[in-house]
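Peer 1: Numbering (the numbering used here), first residue to last: -1 to 88.
One thing to keep in mind: the hints can contain errors.
Said to hold, decoys possible - Each pair of labels, with its calculated beta carbon distance range:
id, residue 1, residue 2, range
1, A25, Y63, 51 to 61 Å
2, A57, A25, 30 to 40 Å
3, D64, N39, 41 to 51 Å
4, G34, T81, 34 to 44 Å
5, P69, L26, 51 to 61 Å
6, L27, D60, 42 to 52 Å
7, P69, P44, 34 to 44 Å
8, A25, S59, 41 to 51 Å
9, A28, A50, 35 to 45 Å
10, V62, S40, 33 to 43 Å
11, A41, S82, 31 to 41 Å
12, V32, K56, 36 to 46 Å
13, R12, R58, 56 to 66 Å
14, A28, A83, 47 to 57 Å
Hint data in this document are derived by calculation from the structure and do not stem from the laboratory.
We put the beta carbon where it would ideally sit given N, CA and C, even for glycine.
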Amino acid sequence: MFKGPVRRARASGRSVPYTFTGLVMVALLAAAAVAGNVVWNSAPYPSADPDAVAQRLKARSDEVYDDFALPEKYAPGSGRVDTSAVTTAD
-1 MFKGPVRRAR ASGRSVPYTF TGLVMVALLA AAAVAGNVVW NSAPYPSADP
49 DAVAQRLKAR SDEVYDDFAL PEKYAPGSGR VDTSAVTTAD
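Model the full assembly from the supplied sequences, consistent with the hints where possible.
Peer 2: Below, the structure is given as structure tokens:
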């Protein structure tokens, strides 16, 4: 019996970059899952007072009108929205 040279299995040169890329992708996926869990379970937005927001917006718009030296301030509407199906013709 003759013994021939021992041949070892060779891995292709591409297996190392593919393995590294796969590990990086798994790490990024895990980080995204953890970040998503933190954001999802965090405190919700605080509630806001609509009247305070409206006053703040009106004050800011008055400042802008004054800064641009416009001739007159806007005439605000009633703030009501009519949602009825009845329309009136003028």
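Peer 1: Now, for every hint given, state plainly whether the structure supports it.
Peer 2: Status of each hint after checking the structure:
1. A25 - Y63: 51 to 61 Å: holds (54 Å)
2. A57 - A25: 30 to 40 Å: The hint (30 to 40 Å, Cβ to Cβ) is violated, given that A57 and A25 are roughly 49 Å apart.
3. D64 - N39: 41 to 51 Å: holds (45 Å)
4. G34 - T81: 34 to 44 Å: holds (38 Å)
5. P69 - L26: 51 to 61 Å: This hint holds: roughly 57 Å between Cβ atoms.
6. L27 - D60: 42 to 52 Å: Holds - the Cβ-Cβ distance for L27 and D60, about 51 Å, lies within 42 to 52 Å.
7. P69 - P44: 34 to 44 Å: holds (39 Å)
8. A25 - S59: 41 to 51 Å: Between A25 and S59, where Cβ atoms are some 49 Å apart, the hint holds.
9. A28 - A50: 35 to 45 Å: About 42 Å separates the Cβ atoms of A28 and A50, which means 35 to 45 Å holds.
10. V62 - S40: 33 to 43 Å: This hint holds: roughly 34 Å between Cβ atoms.
11. A41 - S82: 31 to 41 Å: The hint (31 to 41 Å, Cβ to Cβ) holds, given that A41 and S82 are roughly 40 Å apart.
12. V32 - K56: 36 to 46 Å: holds (43 Å)
13. R12 - R58: 56 to 66 Å: holds (60 Å)
14. A28 - A83: 47 to 57 Å: holds (54 Å)
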